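K.L.:
Protein sequences, first through last, are from chains A and B.
Per the working numbering, the first sequence starts with residue 1, numbered consecutively.
Per the working numbering, the second sequence starts with residue 1, numbered consecutively.
You may find that some hints are simply not true.
Since the list can't tell identical chains apart, any single copy or any two copies may satisfy a pair.
[Stated by the list, open to error] Below, a list of computed lysine-lysine pairs in the DSBU-like style, where the Cα atoms sit at most 35 Å apart:
#	residue 1	residue 2
1	LYS65	LYS34
2	LYS111	LYS143
3	LYS108	LYS130
4	LYS65	LYS218
5	LYS130	LYS111
Honestly, the hints are just simulated from the structure, not real lab data.
Predicted model, so just to flag it, every value in this text is computed and none were measured.
2 protein chains.
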Amino acid sequence: MSSDSLSSAEEDVENEQSVGLLSNVMEARAEHLKTRNYRSLYSFTTALGIGALVMILSWLIRYRKGFAWNWDPELQFNWHPLLMTTGLLFLYAQSILIYRTGRNASKKRLKIFHAVLHASAFVLAVIGLKAVFDSHNYASPPKPNLYSLHSWFGLVTVIMFTGQVTVALLPPEITLKYFLYPGLSRSLRQAVLPVHTVTGIATFTLALIAALTGITEKTIWT
Amino acid sequence: MSSDSLSSAEEDVENEQSVGLLSNVMEARAEHLKTRNYRSLYSFTTALGIGALVMILSWLIRYRKGFAWNWDPELQFNWHPLLMTTGLLFLYAQSILIYRTGRNASKKRLKIFHAVLHASAFVLAVIGLKAVFDSHNYASPPKPNLYSLHSWFGLVTVIMFTGQVTVALLPPEITLKYFLYPGLSRSLRQAVLPVHTVTGIATFTLALIAALTGITEKTIWT
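All chains should be built: construct the whole structure from the sequences, respecting the hints.
P.N.:
Dropping the structure here:
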């Protein structure tokens with residue numbers, strides 16, 4: 001390469017730098033607007049979510065006689081809609097959005113939040129499932145399990161959710177090294193991420209369908 | 001710019017061309033694989049869709065006593081699940097996918113197919129809605145309309161779908177010039193397209209939820 005072409009290359013770099021500076025300013029503005037839009041949308045949908053949970057809670061307390069455990073199967077059932085929607089819709093949604101909501105926090109902290117929110121959702125879902133199976137099995141006469149569209153959508157949802165949690169947790173030494181903490185296998189994490197997010201959003205959609213078919217069932221049956 | 005830097009620019013262009021050739025071959029291979037994957041997935045989901053329609057049809061004929069119009073409101077209802085799922089799920093899905101399914105056809109032809117499939121879905125939906133309202137109003141005693149979760153999800157779906165069709169059709173001279181045929185306002189079409197696709201997919205998801213809550217209602221009520 002001749003020195004002439006080098007100097008012209010330097011000119012190009014200078015031009016690029018001034019263009020780059022302008023485009024940086026424009027990008028920062030665009031980023032700022034996108035963040036502000038996200039915050040408005042996030043606040044709005046989270047308020048809707050809390051509103052839905054409050055309405056479910058007041059429905060169960062005021063119109064469905066509140067809560068109990070397996071000494072009263074009819075009231076034990078009431079834990080089911082409350083815990084499933086709190087876990088597999090509200091906490092699940094918050095957990096999915098955490099990387100965007102807390103975009104200025106460290107990646108490691110966000111991953112821990114994501115894991116804690118998902119683990120809480122999982123625990124609520126397990127108690128919620130126990131509640132519905134108990135409420136069928138301890139009823140007199142006992143009610144059959146898993147014969148409706150809702151129950152199968154719900155079962156598939158829980159199996160897929162458990163699968164995602166299992167992949168994240170087992171074996172723990174690999175998870176801690178490779179997924180939860182920034183470890184060696186960047187390529188592995190890069191390959192798994194899109195599968196994890198697509199499966200996660202599909203599972204969330206299934207949870208939404210399960211909730212709406214479930215509420216439809218309950219409003220007709222009572 | 002000096003002539004030396006020009007010749008170095010020519011060299012760059014040559015290098016880019018040979019790199020470009022290689023990347024063209026790789027891109028063509030990747031495209032081919034993606035197309036083949038799409039075709040498999042499309043065939044599989046379309047077969048599932050036809051299977052679902054056949055199951056709905058045999059359910060309505062064998063277990064729900066078949067079809068009639070408003071001289072027999074109970075059988076008139078049966079048009080509702082058949083026409084809504086055929087129109088707002090099967091044809092709607094085919095119409096959304098047409099640009100990918102027929103990717104080698106001309107854009108103009110695909111737009112006409114998209115319009116015809118969506119128009120057919122709209123006509124089936126209108127007849128399906130007439131069927132359900134008639135089946136309530138002509139029943140003795142008449143049944144109330146629009147008091148369930150399903151009915152309101154369905155209503156919102158149909159309103160959003162009608163909105164999309166209306167935007168595409170009114171005023172017709174503008175549509176024909178600017179949307180259906182390649183016309184002058186490329187920038188307008190570019191601005192509308194992402195809104196149209198996101199709204200369309202949201203409406204499709206609502207149609208799916210409406211169908212599943214509707215089937216849940218019908219299996220409990222009969």
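K.L.:
Could you run down the list of hints and mark each one as holding or not?
P.N.:
Status of each hint after checking the structure:
In this assembly of identical chains, the alpha carbons of LYS65 and LYS34 never lie at most 35 Å apart, being 45 Å within a copy and 55 Å across copies at closest. When the C-alpha separation of LYS111 and LYS143 is checked against a cutoff of 35 Å, the pair qualifies neither within a copy, at 41 Å, nor between copies, at 52 Å. Taking identical chains as interchangeable, the C-alpha atoms of LYS108 and LYS130 lie at most 35 Å apart only when both belong to the same chain, with a minimum of 33 Å there against 56 Å between chains. For a Cα distance limit of 35 Å, the shortest separation of LYS65 from LYS218 qualifies both inside one copy, at 14 Å, and across copies, at 27 Å.
In this homomeric assembly, LYS130 and LYS111 come within 35 Å of each other (Cα to Cα) only inside a single copy, at 29 Å, whereas the closest approach across copies is 51 Å.
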